[in-house]
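Protein chains in written order, with this note's numbering: chain A, 122 to 434; chain B, 82 to 381.
The set of hints was computed from the structure by calculation and includes no laboratory data. Being a predicted model, the structure only gives us computed values, none of them experimental. No residue lacks a Cβ here, since even glycine has one placed at the ideal position from N, Cα and C. The reader is advised that the hints may include incorrect statements.
[As the list claims (entries may be wrong)] Short, incomplete list of chain A residues facing chain B, as computed with Cβ under 8 Å:
| # | residue |
| --- | --- |
| 1 | L231 |
| 2 | T244 |
| 3 | I359 |
| 4 | V370 |
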Amino acid sequence: MTSQPQTAVRPAEKASLFGWWRWRRIEGYLFIAPWLIGFVAFVLGPFLASFFLSFADWNLVRPPTWVGLEHYRTMFTNDPKYIKSFVNTVYFTVFHVPLILVVALFIALLLNRQLPGIGVFRTLFYLPSVTAGVATAILWRFIFNYHYGLLNQAIGLVGIDGPNWLGSTKWAMPAFIIMSTWGFGSLMVLYLAGLQGVPRELYEAAEIDGATAWDKLLNVTIPMMSPVIFFTMIMTIIGSFQIFTAAFVMTEGGPADATLFYILYLYRSAFQWLRIGYASAMAWILFLVILALTLIQLKLSRRWVFYAGEELT
Amino acid sequence: MEVEQGAVRSSGSLLSSPGWRWPQVRALLFNAFLYLLIVAGGIVFLIPFVWMVSTSLKTLPEIQRIPQPLLPEVIRWDNYYVAWTSLPFTRWFFNTAFITVVNIFGTLLSCSLAAYGFAYTRFRGRNFLFVILLSSMMLPYHVRLIPTFLIFNHLGWINTFLPLTVPAFFGTAFYIFLLRQFFLTLPKELDDAARIDGCNSLNIYWRIVMPLSKPALAAVTAFTFIDSWNDFLGPLIYLRQDSRLTLSLGLRMFLDFQEGTGDLHLMMAASVATLIPILIVFFFAQKHFVEGVTFTGLKG
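With the sequences and hints as input, model every part of the structure.
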């Protein structure tokens, strides 16, 4: 595969010695060498290694033994906790992804106009997505506190007796979904950037045709934004399958495994119980699920994602 | 460069028009309504932070009173001192700062070199490797987590900062992509002119491309800072000894300590304290965060 988008020989190169010319053809490899080495050592190598590890039983103490598909069989037939972690993660994803996408798009649409002080709000909404970590997980743990938590005190004002959020198998997952929506800011910034790229003429043409604000949203904004929405949807789904820190800090998977997320179970299997092979099998199933979801969406995207010529690709 | 919407323009012409017509009044009301919605939303999203800070300055009985007062009666700055010195937070702060600075340096260097390679040099298989780079972004981090751990374990790097810093020198696919996209927007003539003047690629990279790419490099710095500062899983797996922890790990440990005593005010004080560096960086560099998003952009 030769790759030369700009093949025109430049004057300096024409005049150069053959050796220097050849040097220029290999120096590219030197520039990308750190990445290439890192890719082989820390990405491709481990990726393949975990595939082979998934067929082995290994606890780092005794030498690994080959068990074939045993781990995969155990996961789906003999490990209710695994199934639970899978179902929990899907439950979270199904609610989290649409909610955060809609909220981010809605706020982006609100902020995409010239009103005084609008920049302040963009900063404000973006802030929670950069502070996401242990500190904010601790904050939310306290917000959901049954007695002293902010949330129950707030809904107590309107006379509702709030649930024991993180202590209840029913309400712990909704609590995670609420908390995660708080971090919509990075999506919002992407959408704002996308909205600025929608050509003004399209709105003007629609106005001449007598379109209402709602018509413009459905028939101009959403179609023009569909590539960005599609991209963020895939990335958000991948991210939502990998929720870990919040669960580790807020509930440690409890109560009664109600918030045992996939990666939390994988972490315990691998690093607390040293079931290296089993955890590798879990990692590969995760990879296959994400790959399948991405391919399905790619296929479905042809029906709703609109690529406007060379404007947005 | 905000897109001016129809509604804004019609309300602008309000002053010049002789009488107030209904569509204009409606547009004005609509904007007022939107504004109210934004302000209300902003307050709702800010409240958790306000409450966090206010709680960190209260006494424990104040927190446990129902209904809880919104603001502390007496501001207890003391909480910060007590929380911070109850565990080696200062040490953890410097550990985190060290890891973060090394990560930023390593990421900037390795990613800009690779991005320059992809944007400005030509070699066999370049496009193929670039596709590999892009697809590696879709690979979940956790699929390679265990073997990577085994490698570092084999090297004897457990309980050192090496597993958390060395990989940065081998580039991150997303930032290479971001920088390459930016490099491609620089005028091609600069490269030609520099070659005629006898510059080699390394000179062009260092003297021309890098200085012109400050906005993109700033965005990568901002993102790397946040990622590294907030990282939890990495330190959790690789760091064991108390004196080697990072802030996020130490804070998690503090949580376990406070479980028994229930000192929520100290818990909040420690949490706020670890967020302060992020807030400082964010407010000075927010432009770069937003720009970083647009560089990867939607174009290219």
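Inset, instruction - Kindly indicate which numbered hints from before are broken by the structure, ordering the numbers from low to high. - result: none
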